[in-house]
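Undergrad: Following the hints, position chain B against chain A.
If you want the building blocks of each chain, they are given just below.
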Amino acid sequence: LNLLEPITTTETVSRRTWGSISDHLRLEHDVSTPGPELTTSDFSEVINLNKSQPLYVEYEAILSGETGNSIEKNIALGSAVKIELSCRLADKYSSMKILRVTWKKGNETIKHINKTENSWSIQLTISENRKLGSYTCTVEGEKEFSVVFLPQIEGREKPVISYEGDSAILICKSHSYTPIAWTWYMTNGSEQIAINDSLMLDKYVIDKADPNVTHLKILKLTKEDDGAYWCEAAFELGRSKGKLKLSILTLMVPLKPFLAIVAEVVILITIIFVFELYSKKKEKRA
Amino acid sequence: PHIDAGPVASPPDGGWGWVVVFGAFISIGFAYAFPKGIAIFYKEIQDFFDTSYSEIAWVSSIMLATTYGAGPISSILVNRYGSRPVVILGGLLCGIGMVSAAFCTSILQLYICVGFITGLGLALNLQPSVIIIGRYFLKRRPIANGLAMAGSPVMLCTLAPLNQFLFDNYGWRGSFLILGAILLHCCVAGALFRPISAGKASVKTQSIEEGKEVLKDVSKDAIEMDSPTNIPKETKTEEEEEKGCCEKVNKYLDFSLFKHRGFLIYLIGNVLMFLGFFAPIVFLAPYAKHIGIDEYSAAFLLSILAIVDMIARPITGIIANSKWVRPRIQYFFSFSIAFNGACHLLCPLASGYTGLVIYSVFFGLAFGMVCAMLFETLMDLVGGTRFTSAVGLVTIAECCTILLGPPIGGMLIDTFGDYKYMFIKCGAVMVLAGTFLFIMNYYNYHMVAKEEKKRTAKEEDPKPVRTENKGRNNWNKEHVQDGPELEPLREEQERLKKEANGT
Numbered sequence: 001l002n003l004l005e006p007i008t009t010t011e012t013v014s015r016r017t018w019g020s021i022s023d024h025l026r027l028e029h030d031v032s033t034p035g036p037e038l039t040t041s042d043f044s045e046v047i048n049l050n051k052s053q054p055l056y057v058e059y060e061a062i063l064s065g066e067t068g069n070s071i072e073k074n075i076a077l078g079s080a081v082k083i084e085l086s087c088r089l090a091d092k093y094s095s096m097k098i099l100r101v102t103w104k105k106g107n108e109t110i111k112h113i114n115k116t117e118n119s120w121s122i123q124l125t126i127s128e129n130r131k132l133g134s135y136t137c138t139v140e141g142e143k144e145f146s147v148v149f150l151p152q153i154e155g156r157e158k159p160v161i162s163y164e165g166d167s168a169i170l171i172c173k174s175h176s177y178t179p180i181a182w183t184w185y186m187t188n189g190s191e192q193i194a195i196n197d198s199l200m201l202d203k204y205v206i207d208k209a210d211p212n213v214t215h216l217k218i219l220k221l222t223k224e225d226d227g228a229y230w231c232e233a234a235f236e237l238g239r240s241k242g243k244l245k246l247s248i249l250t251l252m253v254p255l256k257p258f259l260a261i262v263a264e265v266v267i268l269i270t271i272i273f274v275f276e277l278y279s280k281k282k283e284k285r286a
Numbered sequence: 001p002h003i004d005a006g007p008v009a010s011p012p013d014g015g016w017g018w019v020v021v022f023g024a025f026i027s028i029g030f031a032y033a034f035p036k037g038i039a040i041f042y043k044e045i046q047d048f049f050d051t052s053y054s055e056i057a058w059v060s061s062i063m064l065a066t067t068y069g070a071g072p073i074s075s076i077l078v079n080r081y082g083s084r085p086v087v088i089l090g091g092l093l094c095g096i097g098m099v100s101a102a103f104c105t106s107i108l109q110l111y112i113c114v115g116f117i118t119g120l121g122l123a124l125n126l127q128p129s130v131i132i133i134g135r136y137f138l139k140r141r142p143i144a145n146g147l148a149m150a151g152s153p154v155m156l157c158t159l160a161p162l163n164q165f166l167f168d169n170y171g172w173r174g175s176f177l178i179l180g181a182i183l184l185h186c187c188v189a190g191a192l193f194r195p196i197s198a199g200k201a202s203v204k205t206q207s208i209e210e211g212k213e214v215l216k217d218v219s220k221d222a223i224e225m226d227s228p229t230n231i232p233k234e235t236k237t238e239e240e241e242e243k244g245c246c247e248k249v250n251k252y253l254d255f256s257l258f259k260h261r262g263f264l265i266y267l268i269g270n271v272l273m274f275l276g277f278f279a280p281i282v283f284l285a286p287y288a289k290h291i292g293i294d295e296y297s298a299a300f301l302l303s304i305l306a307i308v309d310m311i312a313r314p315i316t317g318i319i320a321n322s323k324w325v326r327p328r329i330q331y332f333f334s335f336s337i338a339f340n341g342a343c344h345l346l347c348p349l350a351s352g353y354t355g356l357v358i359y360s361v362f363f364g365l366a367f368g369m370v371c372a373m374l375f376e377t378l379m380d381l382v383g384g385t386r387f388t389s390a391v392g393l394v395t396i397a398e399c400c401t402i403l404l405g406p407p408i409g410g411m412l413i414d415t416f417g418d419y420k421y422m423f424i425k426c427g428a429v430m431v432l433a434g435t436f437l438f439i440m441n442y443y444n445y446h447m448v449a450k451e452e453k454k455r456t457a458k459e460e461d462p463k464p465v466r467t468e469n470k471g472r473n474n475w476n477k478e479h480v481q482d483g484p485e486l487e488p489l490r491e492e493q494e495r496l497k498k499e500a501n502g503t
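For the record, the sequence lines run as chains A and B.
Using UniProt numbering, read the first sequence as starting at 1 and increasing by one per residue.
Using UniProt numbering, read the second sequence as starting at 1 and increasing by one per residue.
Quick caveat, the hints were computed from the structure, so don't treat them as lab data.
Possibly wrong hints are sitting among the right ones.
[What the hints assert, rightly or not] No more than 20 Å apart at the CA atoms, straight line, and that leaves these computed lysine to aspartate or glutamate pairs for EDC-like: (1) A:K245 x B:D47; (2) A:K203 x A:D225; (3) A:K203 x B:D47; (4) B:K43 x A:D207; (5) A:K243 x B:E55; (6) A:K220 x B:E55; (7) A:K220 x A:E276.
For reference, chain B alone in the conformation it holds in the complex:
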């Protein structure tokens, strides 16, 4: 049910939304694939500046750290200005970063230009792209997320040969220059991110909307604390000033999320998971070479992984959208993390090239499943409106473990001289994370269902609204358990009905 009257952000679930998915595909693709793609230039740059490999590897680390660490900045900007301007700014920053990198004369300058500036630009690309999917989709959101996240492996497969071609023809400096221009396509993707309140394009309306939504979120928060007397807050007019500095800060970055049970569960589970998430990819090729496989076949393993990943993400999105899985999507997510961990635990048993190919296939599958649902589950837990802040807070927390994962793995390999301990560590961490998420989400679903019952019992609505509610409740009953993500939709419609009724 779509209500066109008034500036309401009701997800269209289609139409222009698919164009937005395409834009997000490109944006997310660059954000994830670019740091890995420029590794091709490292050997040459290392020789040019006469540095060691680890000094060069810092470029990627700084880039990754900035992309994840600048998440909250992204969230604040999106909360204030919406997705489109932020992504365009991000694209410009990336372009400027790479173009200036082409003229660098020291490794330190490379750290700043490639690592910091481009990383910041990519951060301003990643978060808003994910956020705008949440604005445009609700019923088909898992599919949209799966498709958009598929951008990462596709871009990686495209960037790798492209970078090699550029390098062979223009050297590393020329390549950086041209890559700067290519990154400007993020601006094109950003141009596609039409703000959702179509017809009322003024930014002022948008911020008023968002102010209203924040009020609603603050009140929703209070509801979760089981204080029903706060429900009347929903009917406050939008011009009323938000009182207190806490609420003002929350308008930019919703710190009240830390009281949100689902958010905390997600945060702890994911932070744990990322400790073992990326290390196997980093070490797959070296491990293959270690057991005697030649360089090209080892590189081919990564290609297999990327191809399976590419296919797995949209398919996972479709599965996650089906009516059996959607209400229990958190379980599906926990299962895929544990599956991923199981793959790593079994990897040391793989002998020879065939075994590793099988491992790559399963790893690609598991990796794709987890990535496709990474942001979908967060949206499911906190709702589309608070997702903006949630994603920023989550990424900055994940930043630490993402950066720690591969070095810890490397340390294990160096200490024991054997790769299997690294695989065991990654597998164990992920199985642990998956199990934790599974149990905690069971508890969370249980609590949410309890609160839901309490709230519908305590609601005192005039009859027409109640029948409307019942109608919508019937639709909601298709999903066994209501995630809080469906709350904003219902509440907005309630409020609009109240306004329409002149209350």
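Here chain A stands alone, though its shape is the one from the complex:
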């Protein structure tokens, strides 16, 4: 999952610009396969989830033709928001004659485009799932602009390692947005089975202390518990998943290097003492 990870600002209207970026943005409700990483250093997000006054956010893409024909951007939304998307040509094109600029949602053309000197923008109010989608800004058929996604759920890239008989804790965090509910899934073969902690109290414990964070504690680990786990967060506008991998090892695994190192230490010490005795004998003879 790759989302714009905004930094908080205090303004309620924030203007964001980014240069030509060729990350692929897909607008989907359920993003289950991670995409490429986005660099998000120049983004700010205002986290002001006030339902009566939806957030107003502007996004602007500068088209400079450097990265080829399309620029795509992922924008993460957690709740209802007013959004303005604008498409601006880089200065070097300002003298170029622009014949046509169109904004489309999917395949539908959007009629109300605000045009300023070199930029074309549309305003949207995203208040429900339907409005999420891919919005395209086409300039002479060249540039594309996609919008939307879901808030990032942070899982972990590296597997959590634990041992048989021990317990493990899997943690998922949601940055910026507070989910309404969390669900955990376990992969069995190719299926995903929801984990119900009230059914198997001595095996799974789900901790809900902090709404932004969820803990899944798995007790009495066995080899079968090895595999991928998913934590899913439900938001107003959709759901988002994070993936975690749990690796179960036996005690033999670290024991081998341990014994190897101990053997090495013993050998070294023996060599040192033998060498010392030998050089003392040499000295005595000399």
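TA: Showing chain B alone in chain A's frame:
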């Protein structure tokens, strides 16, 4: 001049000594770097046991406190058994501590296994390593100290990625198990610490030696009190029983050091210095993040610090060994402490990443300079033989301020919301400590020179010994002022001459 006849601990200044330096490098490296290195595991352990960050941080604090606080125990054991068995025992304790930590089921057990047992093991590593350098080196001791102390940054740079690798592959439990095995290398380092009286390897001889040296030290103490009638004590035979319980206690841990002027100066200055010594390192990365630098660049600052530190320590050792600096090494030490303090005072002026990089470079340099000479100056003041007890007493006193430093800094940061007060506090404390040491050592050098003159005037030696003395005095005159550290060497040689002459 080396006198091989008889069980005399005259420092060889080379040969096997460099192997000992290597062993001390490893031992000291583990002792200083290990508490910092295992911080990588804390996040995971914190989640596992469901505790707060400060509860986990106690593990490091307990470890550090034990390493410094168990100094006197280390000193007593070394006084009794010599460095080698103590270091081997220390290595075993560390190994046992970490292996048992791998099977812990509560945070309290972690405190005991990682904090207490491993900390004790590291204490039994640190002090003897430093002590044995004093036994093996005299003329080249600053270099040896600088090289051995360089172990700390090198080990830290090695342990950090190693710990990360272990953690990614074995989880925290497996990593602790393997780290236990790695810590056993301290035993290997200990095996290298051959007792100095080569050829007479019996422990009994060694303790007799040490008994003699203690007698000499007691008499040297009396000399400093300006009572020349005690000089004949040097010629007492070694079998004579030490009278009084004070002297018996002093055999294990030399409390008479508290009457030693140089020792007291060092103690007060260092205890003050440690109040501001470690806090900036602890808060450098958080400060960088606070002013907007990203996490990796902030971590890189610490790497820069470690690399500069690594290079600075041996170089400081070489500089401190040069004939211009060695006699005035105390001034050099005070200067480096004050320099360190000045760096901290200027840090708030550093703006942006470049400024912080420059600060890290200078901080690494100053930190390395101070650490390289930390034990060298103490040896210089009290002499190689009493150093064993001195180091134990000093570390337990420093233990308090070392532990207090970062929390006080943290408190300042939390109260004012700004890091600059912490830097100002650390800088001010260190500049104060440096100045104090500078002034007091000037006074000390002055007093030592006065006493020296009085003593050579009052000595009544038979002629051959006196000419020998004069010969040695010529060599000593290369150093403008004689630290008391050269006293044992001269006195031993005097005594041996007397024995040889049949007195």
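Undergrad: Now look at each hint and say whether the structure bears it out.
TA: Tested hints:
Distance hint between K245 of chain A and D47 of chain B is fulfilled; the C-alpha atoms sit about 16 Å from each other, no more than 20 Å. Pair hint K203 of chain A plus D225 of chain A holds up; C-alpha atoms about 10 Å apart against a cutoff of 20 Å. Distance restraint check for K203 of chain A and D47 of chain B: the Cα-Cα separation of roughly 18 Å lies within the 20 Å cut-off, and the hinted pair is therefore satisfied. A hinted pair counts as satisfied when its Cα atoms are at most 20 Å apart, and K43 of chain B with D207 of chain A qualifies at roughly 18 Å.
Of the supplied pair hints, the one linking K243 of chain A and E55 of chain B is violated, its CA atoms being roughly 29 Å apart against a limit of 20 Å. Taken as a hint, the K220 of chain A and E55 of chain B pair is broken in the structure, with Cα atoms around 25 Å apart against an allowance of 20 Å. Distance hint between K220 of chain A and E276 of chain A is unfulfilled; the C-alpha atoms sit about 51 Å from each other, more than 20 Å.
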